[in-house]
Structure formats: C-alpha cells, structure tokens
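Which chain is which? The protein sequence lines are R and H, in order.
Using this note's numbering, the first residue of the first sequence is number 1, and each one after it goes up by one.
Using this note's numbering, the first residue of the second sequence is number 1, and each one after it goes up by one.
Note that these hints are calculated values from the structure, not bench results.
In this text the structure is predicted, and so the values were computed from the model without any measurement.
One or more hints might be untrue.
To be verified - Distance condition first, Cα-Cα at most 30 angstroms in a straight line; then the derived DSBU-like pairs of lysine-lysine:
id, chain 1, residue 1, chain 2, residue 2
1, R, K96, H, K40
2, H, K41, R, K54
3, H, K41, H, K18
4, R, K101, H, K19
5, H, K41, R, K96
6, H, K52, R, K96
7, R, K101, H, K36
8, R, K96, H, K36
9, H, K22, H, K40
10, H, K22, R, K96
11, R, K101, H, K40
12, R, K101, H, K41
13, H, K22, R, K101
14, H, K52, H, K41
15, R, K96, H, K19
16, H, K22, H, K52
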Amino acid sequence: GIQVEQSPPDLILQEGANSTLRCNFSDSVNNLQWFHQNPWGQLINLFYIPSGTKQNGRLSATTVATERYSLLYISSSQTTDSGVYFCAARMNRDDKIIFGKGTRLHILP
Amino acid sequence: ETGVTQTPRHLVMGMTNKKSLKCEQHLGHNAMYWYKQSAKKPLELMFVYNFKEQTENNSVPSRFSPECPNSSHLFLHLHTLQPEDSALYLCASSQDRYATYNEQFFGPGTRLTVL
Chain R
1 GIQVEQSPPD
11 LILQEGANST
21 LRCNFSDSVN
31 NLQWFHQNPW
41 GQLINLFYIP
51 SGTKQNGRLS
61 ATTVATERYS
71 LLYISSSQTT
81 DSGVYFCAAR
91 MNRDDKIIFG
101 KGTRLHILP
Chain H
1 ETGVTQTPRH
11 LVMGMTNKKS
21 LKCEQHLGHN
31 AMYWYKQSAK
41 KPLELMFVYN
51 FKEQTENNSV
61 PSRFSPECPN
71 SSHLFLHLHT
81 LQPEDSALYL
91 CASSQDRYAT
101 YNEQFFGPGT
111 RLTVL
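If we strip away everything but chain R, and leave its shape as in the complex, we get:
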C-alpha cells in the first residue's frame, strides 16, 4: 500500500548540533506538511511544502516531489527542539492523507 516513511526513528543530539530528518513517500503527492509535536501533544505547523525549499529561522525544508522525498533541516539545535517530528502527505492517486510514524528528537543540554 501507499506509505510514508520517516527516518531516523530516533535521534539524540547535543545542543548546538545540526540534524536532517527525512520523509520518503511511495507515490506522488500534492501536499506535504511538517509538524512538531510538543510534549503536551500539540502539533505545531512547521512547513507546508509540496515542492521546493523554505526556510524559517533555524529550520528549513526541501521537498523533491519527482524523487518522492522531503527533508527537514534543524540547525544549531536547542533543547526546546526536542519532541516528535511528523511529515504528512496527501497522495495524488487517491487523495488520502497519510502521516509518517515520526522522528523522535532529543536534544541534550
């Protein structure tokens, strides 16, 4: 079936480090979002990025739709960046919205 896979599943980094989170999708998509889920469960919108590159402060994202992946870059990590990062895609074939299983990021002080 159609899949959205995120890697790595877990990531532990020291404060100040940079990281790259990946989202692969098995079929073509027409919507792609990145979210950060904080410890209280709130999903915070990071990027709406079906294609191209966007930057917001220390975070940036790139989606290469033709190669079916998206990347989220976090630079100069802070402890407040800890949490789970999800990508969610809407598939061209059937319009279904599918979330990946997330990458759990833990930034050590």
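Fit chain H to the given chain R structure using the hints.
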C-alpha cells in the same frame, strides 16, 4: 480564542459511559478532521467533514459518532468504548479538504482514557 480549540483536554470514562469531545475552529475554514493517535502508532485519520458534509469515514467503529453542525464546530460522540480506544484525539481544520492548497491546523487534543 484563536486557532483550533478542543475540550475537554483530558477525559476518563468507563466503558458504559457516553461522552462527547468538542472541537471549534476560529480560522474561517470549511474542512474539519478527527484523528486518533495511539501510543507508538502513526496518526490515523478517522473522519472528515468538508462544508459540513461527511466525506470520509475510515472504517471507524460505530461507537464513535461524529457530528458537524456548522463549519466551525465538530463533535465526536463516544459510547460503549473499549480500553483500546484510549488515545489522544486530535481535531484539525483546513480551508478545503480537496483544494490544491490544503494546509491543516491542529488543536491541542483530548487525551482519553477508557477504564
């Protein structure tokens, strides 16, 4: 109030109880969604309403009953739940489920425990 709000934030109920979850969006959107997030599982889309019409029901058991009286409000009525229904229930909204641009915005969630 701004964004998407959900009440209650926490709910504990017995298997024979009836309760309702409420979601309200203040973004002028026309689509609203219920998601379920269980421990160690990806978010699962349960129901979608677009312009007050239910457009998706992803094989959700009938003990979950959604209601969308207008584009700003969404309810999830719960009855005779099972312990495995314990989860974080998230509401989201977007401008139009089927529009080219469909960015979703989420509420804070209701953490449900079924005893």
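Check your understanding: Is the Cα-Cα distance between K101/R and K19/H 30 angstroms or less?
Key -> holds (29 angstroms)
**Study point:** Restraint check for K52/H with K41/H, where alpha carbons must lie at most 30 angstroms apart
**Key:** With a Cα-Cα distance of about 29 angstroms, the restraint between K52/H and K41/H holds, given a limit of 30 angstroms.
Check your understanding: When you check the alpha-carbon spacing of K101/R and K41/H, does it fall within 30 angstroms?
Key -> Measuring from Cα to Cα gives roughly 6 angstroms; hence the hint holds.
Point to revise | Holds or violated: K22/H to K40/H, with C-alpha atoms at most 30 angstroms apart | key: Between K22/H and K40/H the Cα gap is close to 25 angstroms, so the pair holds against 30 angstroms.
Point to revise | Pair hint K41/H and K54/R, alpha-carbon separation not exceeding 30 angstroms | key: Answer holds: K41/H to K54/R is near 28 angstroms, not above 30 angstroms.
**Study point:** Holds or violated: K96/R to K19/H, with C-alpha atoms at most 30 angstroms apart
**Key:** Measuring from Cα to Cα gives roughly 29 angstroms; hence the hint holds.
Check your understanding: Are K101/R and K40/H close enough, with their CA atoms no more than 30 angstroms apart?
Key -> holds (8 angstroms)
Check your understanding: Can the restraint linking K101/R and K36/H be considered satisfied, given a maximum Cα separation of 30 angstroms?
Key -> holds (13 angstroms)
Check your understanding: When you check the alpha-carbon spacing of K41/H and K18/H, does it fall within 30 angstroms?
Key -> holds (26 angstroms)
**Study point:** Straight-line alpha-carbon gap K52/H to K96/R, limit 30 angstroms
**Key:** holds (19 angstroms)
**Study point:** K22/H paired with K52/H [C-alpha distance capped at 30 angstroms]
**Key:** holds (15 angstroms)
Point to revise | Pair hint K41/H and K96/R, alpha-carbon separation not exceeding 30 angstroms | key: With Cα atoms ~18 angstroms apart, K41/H and K96/R stay inside 30 angstroms; holds.
Consistency with the previously given hints is maintained throughout, with no hint failing.
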